Structures are given as structure tokens and as C-alpha cells.
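**Q** Each chain, letter by letter, is given below.
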Amino acid sequence: MAESQSASHADKSLEVLAHWNGRMREKLRHLVTDELIAEHARDPLGQHSDALERVLNYLRRAPQPGKYAVLCTDPYREYRIVVLAGARGQSARFLDERRFSTEKEALHAVFLERLKELRRG
Amino acid sequence: MADTKESIIPAKRIDGYTDRISVAPGERIRFMVSCQGVARYRADIVRLIHGDLNPAGPGFKEAEIASTVSGEYPGRNQPVRPGSHIEIDDARAMLNLSGAFSLHAFIMPTTPQAGRQGIVTRWRRDRAAGYALVLDESGRLALWLGDASGKSEKVAVEGGFIPWTWYSVGASYDPQTGIAIVARQAVVNSANSLIGRVAAPGQSAVAQKPLGRLEVSADAPFVIAGYAAGGPGARTVVEAHFNGKIEAPRVYSRALDASEFEALARGVEPDPRGLAARWDFAAEIGANGVPTDVISDRSGNGLNGRCVNMPARAMTGHGWTAREENYVHAPAQYGAIHFHDDDLEDAGWDADFEWAVPAGTKSDVYAVRLRGEGVERRVPFFIRPPRGTASARVAFLAPTASYMAYANFRISVEADVGQAILGQTPVLNPDDLYLAEHPEYGLSLYDLHSDMSGVCYSSRLRPILNMAPSFLGANGLWGLPADLDLVDWLNARGYQYDVVTDEDLHREGLALLRPYKVIVTGTHPEYWSGAMLDAMEEYLATGGRLMYLGGNGFYWVTTYHPEKPHLIEVRRGESGSRAWQARPGEYYHSTTGERGGLWRNRGRAPQKLVGVGFSAQGFDESSYYRRMSDSFDERVRFIFEGVGRDELVGNFGLVGGGAAGSEIDRYDLTLGTPPGAMLLAASEGHSDNYPHVVEEIMFMYPGVGGTQDPAVRADMVYFTTPGGGAVFSTGSISWCGSLSHNNYENNVSRITANVLERFMSDQPMK
Chain A
1 MAESQSASHA DKSLEVLAHW NGRMREKLRH LVTDELIAEH ARDPLGQHSD ALERVLNYLR
61 RAPQPGKYAV LCTDPYREYR IVVLAGARGQ SARFLDERRF STEKEALHAV FLERLKELRR
121 G
Chain B
1001 MADTKESIIP AKRIDGYTDR ISVAPGERIR FMVSCQGVAR YRADIVRLIH GDLNPAGPGF
1061 KEAEIASTVS GEYPGRNQPV RPGSHIEIDD ARAMLNLSGA FSLHAFIMPT TPQAGRQGIV
1121 TRWRRDRAAG YALVLDESGR LALWLGDASG KSEKVAVEGG FIPWTWYSVG ASYDPQTGIA
1181 IVARQAVVNS ANSLIGRVAA PGQSAVAQKP LGRLEVSADA PFVIAGYAAG GPGARTVVEA
1241 HFNGKIEAPR VYSRALDASE FEALARGVEP DPRGLAARWD FAAEIGANGV PTDVISDRSG
1301 NGLNGRCVNM PARAMTGHGW TAREENYVHA PAQYGAIHFH DDDLEDAGWD ADFEWAVPAG
1361 TKSDVYAVRL RGEGVERRVP FFIRPPRGTA SARVAFLAPT ASYMAYANFR ISVEADVGQA
1421 ILGQTPVLNP DDLYLAEHPE YGLSLYDLHS DMSGVCYSSR LRPILNMAPS FLGANGLWGL
1481 PADLDLVDWL NARGYQYDVV TDEDLHREGL ALLRPYKVIV TGTHPEYWSG AMLDAMEEYL
1541 ATGGRLMYLG GNGFYWVTTY HPEKPHLIEV RRGESGSRAW QARPGEYYHS TTGERGGLWR
1601 NRGRAPQKLV GVGFSAQGFD ESSYYRRMSD SFDERVRFIF EGVGRDELVG NFGLVGGGAA
1661 GSEIDRYDLT LGTPPGAMLL AASEGHSDNY PHVVEEIMFM YPGVGGTQDP AVRADMVYFT
1721 TPGGGAVFST GSISWCGSLS HNNYENNVSR ITANVLERFM SDQPMK
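Listed in order, the protein sequences are those of chains A and B. Numbered according to my numbering, the first sequence terminates at residue 121, and the numbering increases by one at each position without gaps. Numbered according to my numbering, the second sequence terminates at residue 1766, and the numbering increases by one at each position without gaps.
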């Protein structure tokens, strides 16, 4: 291994991870039902059904760049969705103009956004 | 329609910090303030009572204190300059070499592709003058030369570095011949680097180039691990900080040839002629570690230096063989210093004002309140009673070491697993996102440096945005804001109390605790020095009484720098809920020489001191306690006075909706809970977002979450100690978040009051 190539030494495990993500997302898409979404809307926190826990466990562990978070813009009064930069020194941005009056509404809105992306592929 | 251009971070800011965190009446405290877009601000001293803005709780409470601080001040911006390096004291300009010279060091670059990084330099960037051995913009080893006329040359060895791998690097220049040599050679053994010998990290590479004649003398500071932006000044501004380790740098006033560089790589000393400086970073290692900024020159020329911004010492060098893990026993293998471009020991701001705390000022939690142009900031500090005295029967021990460990915590914004740990999408506040944008305010002991190595030092001489009364972090009310729930309750119930801090306890030991009938902890007193534990154990073993009203306490081995009270160190070992893990051979603290990690792995499990120890954590919801049979024992009737036999305890509260939650602790005889301890109540019904702690997982199997593992619970424990003392532990961070429920009339408040009042009495516990 010559040093001159070191910068181009790609991490081959990314290919495996891509396969894994494809399989996982396909499986999870089948778990998403109206009932599952309604369960999350009732309470985004705490213990859920096994199906919802599986979906949430996957979504929560996604890489930070582009990941959604909730920003409390007025304590206990107003919440918005932000998109994290995922890199130190870079700015997060608002996803849209929506404002939520409770934390739970905002958390559920994030969940719905993530499901939209899950359905896309 | 997305409005993604809209700025999240307000343009105007006021930030500040204090020179001390605990101050006694009669002493002075200084306040450092920096403003952005705020021309004038008003400052007042306030006593903090309650911070959480939750409308279901008591709301924000503070009391303004008449003080000499009150007034208007001009706002000014004060920069923060992170990045660690070494500055060499070369008053006689011995290293201002105009003739032949050579530079050599062993280095382990950790971000070789991150842009220009100084290794061994006497260079000023503004004039491109002097000499410098650097990693260049392409990640190559390069020698830069520049003379006073503005003429400069650069020579680089082709090829890059493998990150986290040791190399011997050197360069020489001889103006007589005009030849410059730059040499690089990997020096990999079986243990010292990321990769091993089978990966064939490469043979030596040498660049040799005729440059003509340059006289490189320049008015520039000598810097290791960076280079100067300009000439020497009151405070050298260093940039191009090096990420990674440097070991045994040296300078010769003659030009070494390629074979001499090869000999140096093999550890063979070349002809000592012309040796101008040879720094040995292990020279200061002693029985009590290496708690110093001093750098020694072993050449005989006295070109000593000092570290700036606390790079990590006691780190494995290129000769580390993995036989010895304690650097005190093998200093020669620990001659490396790990530098980071985001290390920060001291923001270095000038003070805006100070306060001589008047005699008679009540011991309590305080802040300076800074207000201007619609921006507000509170910078907390603690007033203790006059030294050597106590003014109440009760002392709240403010867990300032824990506040420092979590200072500017970034996990919920930066870590991929952050949301999984929380069991929810994080709910951030604008200061979280400000920190994400602004690494210069420094990192917490949970974060990673830009090279992905763990942060092992934290200083309080910088703005700490999450140590503020109303800061609501992604993991809920945490640290100081959560502890104000307790302070508010003490006020609401009319109890007299003093406030002392971890820093006071570390310095003064048992003498600080002795005058008190009761010590009350905060909600999460996680970080303890050995001296603090010794004092608490002695206090309890000789009649003292403790109310441990928190969770995951007494957990991490923490050391205070012996000469820098503002600085703590934590080396995260091989187990525990640890955010990162120290690299092999680097478990021993530089500041004391002690082994880092969990106290339980050094024979001091929390159960031995307070009856309970860390068992699970989760941040989605909290739960309640159910009374156990011990709670009906006559000896503890006083604790449950006014609480029904079948009442659930704490099935309400502002932190996750219950008194048992966030981080929770368990009674365990096998971990040293005193055999006679009474298990009064235990929590139940936690979710799978509360996994059983990793240090207790000996084999991997499914079902270690709260719905399936019986160890996932908070235990309420009581026991008496020799000399009429006693310990009452709730083992839950969220306990204090339930105190104010129903206007302080509830069973959490009642139990806490019952214990406090009994513990305050002169009558021995039995």
C-alpha cells in the first residue's frame, strides 16, 4: 500500500451498508400502516408496538447530515422542524414555515416527513 | 414553500463567563463578556431560584441583588482562539537560524488531508518568512523557507500520510549548497498505529531539491503544532494547528543528510554536532502524572517552552509496545503530545467588571444577568459561606464537575446515535444550534475533537451555554436547570441552606462537609474526584448524612488539574456509558497519574457509598416508584409519614412525567450496597428506550430493555452509618422534577421533606 494512494482508499463497507439499508427500508415500508401512524400520533414518546419501535429505531439512527430535529423557538409555546447540517461549523436550516404549539405535534410531524422519505426509496 | 434561507441563529448575542465558579463573601469574582451586535448592555447580580419555563411548573424565579455590579457597560466582541500548540521561549533568538539547519520529529497525523498544519515552525504567515516543517494543503510533508526580502521556496515529498500512523519526518537546508531535503518514513510497530506492519505502510520517501541561496532569518515565534500568523506580540496568534501527535522534535544548526534522517527514524542518534534544541515531552512525567504546561529542551540550550490550550499529554509515543499501560511506569514510551485544532483551555477574554462580594451575602446560587438590545444571558456562579464556616444545617453540593463535563454538550446535534440514545427526535434550542455552528466555544467531555479523538479535558474559562437557568436540552432538564428544581423547593418550603461546590469539596475535603448535618446532592452528580469521594465517605462513616436525590452519581473517575482549578480531566475507559473510549494505553490521567474510567472498576462502585448505582438510562418518559416491604418498617416510619400504603410515589412530574427516570440507579448487594440497607421502593414500567447499562452486560443477548430486564429500575434506599449518620438515595435524575407538583404538595415533596427534617436534627440516626 503506497502512501500516495491513501487518500483514495475508499471504505468498501459502504457498499454493504447500502445493501443493508435497501433491504431494511423495504422491510420497514411494509410495516407502515395507518394504524402505526395513528399510534405515533397518539404519543410519539414511550413504549410502542414492536412494529413502530422497529421503524423508529431505524429512523433514529440515521446519519446526522440532513437529519431532522425539532427546534424550540419559544419555550413550551412554539416548535419548528430543522434540518441538521451534520458537520461541525455548518448551519442548520428550517425545513419549512410550519410552527407547532406542542412538542408532540412537532415530533409527529418529523415522523411523517421521515416516512415520506422512507416511501420514496 | 420552504424558507430555508431564514436565519435560525439570532444575530445579536451576549456571552460571558467568570474567573471562578465558587466565591466566598469578602472575595472578588471577575466577569468576562463578549457581545455581537450589542453596543451597550446592563449587568445585575441575581439570585437564581428556578429556571424551567414549563407553564405546568413554578416558572422562572430570580431575585435581583443590589450590588456594585449593577450598571451599563459598553459591549465589545472578544474572539476565542481555539487550537493547542507549544510556544518555545527563545528570547535570545538562538533558533533564528540564517545558515544551515535541520528539523526532525516523529508525528502521527490524524487529519492529514485537513489543510495546512504546522509541525515544527519558526514562520510568520503574513510575510511568508522563516522556516517551517508542515503538512501542506495537499497533505504532503513540506519544508517552507522564506527570507526577509519576500523570496520563498517550498519543497514537498510526494504522497500522503495514512491517518493515525506514526512517521519519522525531517527536513534540512544548506544555503552553501542550496540543497533542501525533506524525508518521511513510516515507523509502524505492532501496537503504536491504526494499521499494523502487514499493511505495509511504505518505505522512506525523500525529496531533494536545489533552491539556491536563501537567508531564512525572520522575526517569528517558534511554534510546535502550528505556525504564527504574524510576528511576536503580547499574545502570539497561532494558526494552521496540527491534529495528531508529535514526539521528540529537534533542531540542528547544520544540514542533516538523508542517511542521518534514516538513522533518526531507526532511533539511532546522529552526530550531535549542531544540536540546537531537542524537546522531550516525557521529561515532566513524574509519580503524580504530568500536570504541567512546561516543555523541556534537553539540548543544553535551555530552549524550554509551554503548551497552550491543553493539548493531551501522557499519550502513547511511536515506541509504545503495549506491554505497559501506565505512563508513569514507562515514560520513554509516552513522549507524545496529542494536539487538536479545537482544544480550548481559556477563552482569554478581558474582564468587563468584577464584584467584591460583600460580607454577609447569603450562600446560594447566583448569576450575573446581562441584558441589551433585546438579548439576555445569565452566567451562573455560586456563593459559598465564608471559608471555615457554615451558615445552615443543610448544604446543597452543586455538582460543578458534572456541569463542566457536560459544558457545551453537542451529542444531540452531532452524534448519529444521539436520537437513538434519547429515544426521540431531539428538541433543541437556538443555543444548541449556535454551538453546532461555532466550535470555538469548546467541547464537552462527551464530544469528539475534529480528528474524532475523544475530548478528555474541560475548562470553565469559556462561555458554557448549557449552564444557564432555563436551558432546556434535548435530554430534557439537565444539570443546573434541573438542580434549580431542588433549590426552588428548598426556598418554597422555607429551609435554610448553604451552597458549596465540587471544586470546594475537592480542595477542602472533609472540613467542608463536617459542619453540616445534611448534604444534599443535585440531580446528576456523576463526576467525582478521588478527594471528593474520600471526603464524602469519611463524612458518612463518621456521622454525616447524605440525601442523594439524583441518578448516575459517583460514576466517572474525574481529576482536577492540581494547578488549574478551572480544568478537569476524564479518560473514558473500557466500559460505561462512555460516548467515546480512550485509545489503547491512554487510560491514565495526565493531571494526576491515576487510572481513568468508572469508579466501580477501581473498587469504588457507587453502591458502596450511597446504596445504589447506575443501572439504566432513557429519555422518553419517566415512571413512578412502588413501595417495597422495607418501607413499612418501624425504623423508616419517619420517611413515609403522610404517604399511603398503596400510593405510587412520583407518578407525576415535569421531567418525563414521573419521579423515576432519565438515568436510574439500582440497589445491588453484589456491587457493595451495605448489607443492612433498606430497599424502600422501586420503579417499574420503563420502556425499551431504557437499556440495562453496558458495564453489566457480560454476554450479548436480546431483551435488555426496560420492558424485559428487571435491572431497569430506580431503587429508593436508606441506611444508617456509624456515628449516627445515614444515607437516603432516590437513584433517579427526574426525582427533583416532581417536587413542585400540585404546589409542592405531593408524595415526592413529602418524602423529601420528611427525610430532610429528620436528617437536620441533632438526634443521631439509629
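Since the hints were derived computationally from the structure, they do not count as laboratory data. A few of these clues could be false.
Just so you have them, the derived chain A footprint on chain B, three or more residues with Cβ under 8 Å [claimed, not checked]:
(1) 1052-1065
(2) 1414-1421
(3) 1433-1445
Here the structure is a predicted model, which means the values were calculated and not measured. Positions of the beta carbon are idealized from the N, C-alpha and C atoms, including for glycine.
**Q** If a hint holds in the structure, say so; if it doesn't, say that too.
**A** Consistency of the hints with the structure:
no.	hint	result
1	1052-1065	holds (count 3)
2	1414-1421	holds (count 7)
3	1433-1445	holds (count 5)
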